[in-house]
Amino acid sequence: MTVASDKPKVGLFVTCLVDLFRPVVGFAAVKLIEEAGCEVDVPMAQTCCGQPAYNSGDRHDARMIAQNTIRAFENFDYVVAPSGSCAGMLKKHYPALFKGDARWEERAKVFAGKVHELVSFLADVRGMDRVTAAGAGSVTYHDSCSGLRELGIKAQPRALLASMDGIELREMRDPDVCCGFGGTFCVKYPDVSNAIVETKTKAISDSGAELLLAGDLGCLMNMAGKLKRQGSPVEARHVAEVLAGLTDAAPIGGRD
Amino acid sequence: MQITSPDFKQNARHALDDVQLQKALGNVRAGFIDKRQKAVDALPEFEALRDNARDIKNHALENLDLYLEAYEQKVTASGGQVHWAETAADARSIVLDICRTRGARTVTKGKSMITEEIELNDFLDAAGIVPVETDLGEYIIQLRGEHPSHIIAPAVHVNQDQVEADFRRVHTHLAPDRDLTAPETLLDEARQVLRAKYFEADIGITGANFLVAETGSSIIVTNEGNGDLTQILPRIHIVIASIEKIVPTLDDAAQILRVLARSATGQDMSVYTTLSTGPRRPDDPDGPDEYHVILLDNGRSAMLGTEFQDMLRCIRCGACMNHCPVYHSIGGHAYGWVYPGPMGAVLTPALIGVDKGGHLPNASTFCGRCESVCPMKIPLPKMMRHWREKEFERGLNPATQRYGLKAWAFFARRPWLYRLATSIAIPVLGTAGKAKGRFSWLPFAGGWTKHRELPAPETRTFRQQWSQREALKQGGAA
Chain C
1 MTVASDKPKV GLFVTCLVDL FRPVVGFAAV KLIEEAGCEV DVPMAQTCCG QPAYNSGDRH
61 DARMIAQNTI RAFENFDYVV APSGSCAGML KKHYPALFKG DARWEERAKV FAGKVHELVS
121 FLADVRGMDR VTAAGAGSVT YHDSCSGLRE LGIKAQPRAL LASMDGIELR EMRDPDVCCG
181 FGGTFCVKYP DVSNAIVETK TKAISDSGAE LLLAGDLGCL MNMAGKLKRQ GSPVEARHVA
241 EVLAGLTDAA PIGGRD
Chain P
1001 MQITSPDFKQ NARHALDDVQ LQKALGNVRA GFIDKRQKAV DALPEFEALR DNARDIKNHA
1061 LENLDLYLEA YEQKVTASGG QVHWAETAAD ARSIVLDICR TRGARTVTKG KSMITEEIEL
1121 NDFLDAAGIV PVETDLGEYI IQLRGEHPSH IIAPAVHVNQ DQVEADFRRV HTHLAPDRDL
1181 TAPETLLDEA RQVLRAKYFE ADIGITGANF LVAETGSSII VTNEGNGDLT QILPRIHIVI
1241 ASIEKIVPTL DDAAQILRVL ARSATGQDMS VYTTLSTGPR RPDDPDGPDE YHVILLDNGR
1301 SAMLGTEFQD MLRCIRCGAC MNHCPVYHSI GGHAYGWVYP GPMGAVLTPA LIGVDKGGHL
1361 PNASTFCGRC ESVCPMKIPL PKMMRHWREK EFERGLNPAT QRYGLKAWAF FARRPWLYRL
1421 ATSIAIPVLG TAGKAKGRFS WLPFAGGWTK HRELPAPETR TFRQQWSQRE ALKQGGAA
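Residue numbers (the numbering used here), protein chains in the order written: chain C, 1 to 256; chain P, 1001 to 1478.
Read the hints as simulated data drawn from the structure, not as lab findings.
Note that CB positions come from ideal geometry on N, CA and C, so glycine has one too.
Please note that the accuracy of each hint is not assured.
[As the list claims (entries may be wrong)] Computed beta-carbon distance windows for the label pairs:
| no. | chain 1 | residue 1 | chain 2 | residue 2 | range |
| --- | --- | --- | --- | --- | --- |
| 1 | P | Gly1305 | C | Asp6 | 47 to 55 Å |
| 2 | C | Glu74 | P | Ala1089 | 55 to 63 Å |
| 3 | C | Gly152 | P | Glu1045 | 35 to 43 Å |
| 4 | C | Lys109 | P | Gln1267 | 36 to 44 Å |
| 5 | P | Leu1043 | C | Asn75 | 26 to 34 Å |
| 6 | C | Glu74 | P | Lys1473 | 20 to 28 Å |
| 7 | P | Asn1058 | C | Lys109 | 37 to 45 Å |
| 8 | C | Glu35 | P | Glu1470 | 13 to 21 Å |
With the hints as extra help, turn the sequences into a complete structure.
This is how it looks when you write it as structure tokens:
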């Protein structure tokens, strides 16, 4: 039996990529949210945030998926996602998706008010200013676009990383420039996407860091996939793995 | 010009393989961004000025009919003449009519994207009238038989050695052994050649950055002074501008000017900001005898009142393309029509149809950098998404994409089925990729694995692992 507590109740929006490709990020998120004094649960009725449909112009399916997400999370105090992109979808685009819909617009707004990206939730909402995990050597941090521009995430992950012992942040050139992932963009326009990610991996390599961190698994899979194809020794992890100290798993794309 | 937007993918591939172009694009990345940032940092009220500029244009667009009429009255009162052109063809025939009735043989032109849009140069050429571009960049690409690849730096795709070769090829009246190694020598030579053309010209044609309803003035901003010579020296001045260039007052124009050059080139102001109001008055020292304004619609009024109205705020500063990773990779010509970059990705489908321009709003990562620097705060990614919606509604996107999306959505809308499917698929995929941790090739993932490895999943989904953990906890507590 779970005993009712007065801790805030957080629903973890796992994100489909974390659920399918890198569960350790989900467990890292749970650990960090619990360390921030919250109770976490994972509603099983969640699937995806709906961005693939929304950004492909399929508003109908996007709305259906959004309704499913809202229903699944309505009873929580907060909804937290280890992704700026998915959190941005839930927080900024769900209300836009239901604009003028008498039944859903208000519901979407109330829901959006509870949504946070993981690291900004820890730092801005829960006031976390340090983590207990040990350092990870030299790291470089890529600002994923949605988190940066839709949610203002830039200082928070750097501050939490800086609180760790044995870590050195080496900024890459243009950390705030897109990596070329762009969801379906990277498979619809593979050549253009490749040109963009090549610029990014050059900046990553030039930084001299051993480990690439970011807050979005989509971008990380793109950059790590390119680094691996190039034979680069730079490893890649979601920032939550490092902040939670869950770095036993192989880095994204495996170990050589 | 021939529309090649439907061939965007091939255009992009060629651009990526073009060594000269890639070299030139490095300058875009290096040049514009830092200069803009410095100008913005030096002006603490820049954000407030952006809001103000947006509000001014929104007000003008909400009352466009009133301000256009007021503008026409003022132009007429100052001795000028306003011509209304619904289409590009209408605008061209108005120009030709003026040229023919005045016996014009040579026309000088200031830099104008609108005359690119209506394909004026080819049209005048075919009619036996010689158009001479006077902006240095425009002059260079005219010599090369090309079109602008950037709305404020039309020849940004050309390198200095290419310009030198073009000048040697065309300026055959000059000494073949002249030294053109320094950039200034190219500038001097262009200036010298063009100087003579200004005096030969019968008509000068300019675009407009603003049309001011309050005074009937048109305003152009330039850095070379060529616009002034174009509109002052010939006997006749024709302004060609699209209807959304209107602002209510001179003060409004001045407000927007504060964000224009800063966003474009990082200058506080462009070198020349030139107002023209009607023809030469008896006491004026110079100016044209005739002053014509051609107001072009060409699809813009159809954008009013739609989800694309905000696009009409655009002041053509080029900041969006200067900051666009896609533009940085492929340059402007790959977009296949007049307007490249993020602003082109929204405007082009409105002007040539989403059936032809559909690739442009799709070829975006939605990184949002364009919107973050747009001085008019135009929500460019949002409007690109609206175009994707129009495409989707009309079934214009490829069948494989549609069916792939529909199949995915079928599962994403049904949580239990989604869980079932992923709990079967992921262990298979994870086991297959376990040894290496990634895939170099997978069926149906060619778009991804063409250029990069696909990281392999773990052997169980997060939710499988979580459910098991919770079940163990429950068991332990019972």
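Consistency of the hints with the structure:
1. Gly1305(P) <-> Asp6(C): 47 to 55 Å: For Gly1305(P) and Asp6(C) the Cβ distance comes to about 52 Å; the hint holds.
2. Glu74(C) <-> Ala1089(P): 55 to 63 Å: holds (57 Å)
3. Gly152(C) <-> Glu1045(P): 35 to 43 Å: violated (21 Å)
4. Lys109(C) <-> Gln1267(P): 36 to 44 Å: For Gln1267(P) against Lys109(C), whose Cβ atoms are near 42 Å apart, the range 36 to 44 Å holds.
5. Leu1043(P) <-> Asn75(C): 26 to 34 Å: Given about 48 Å between the Cβ atoms, the range is violated.
6. Glu74(C) <-> Lys1473(P): 20 to 28 Å: holds (24 Å)
7. Asn1058(P) <-> Lys109(C): 37 to 45 Å: Taking Cβ atoms as reference, Asn1058(P) and Lys109(C) lie about 24 Å apart, which means the hint is violated.
8. Glu35(C) <-> Glu1470(P): 13 to 21 Å: Holds - the Cβ-Cβ distance for Glu35(C) and Glu1470(P), about 19 Å, lies within 13 to 21 Å.
The structure fails to meet hints 3, 5 and 7 from the earlier list, while all remaining hints are met.
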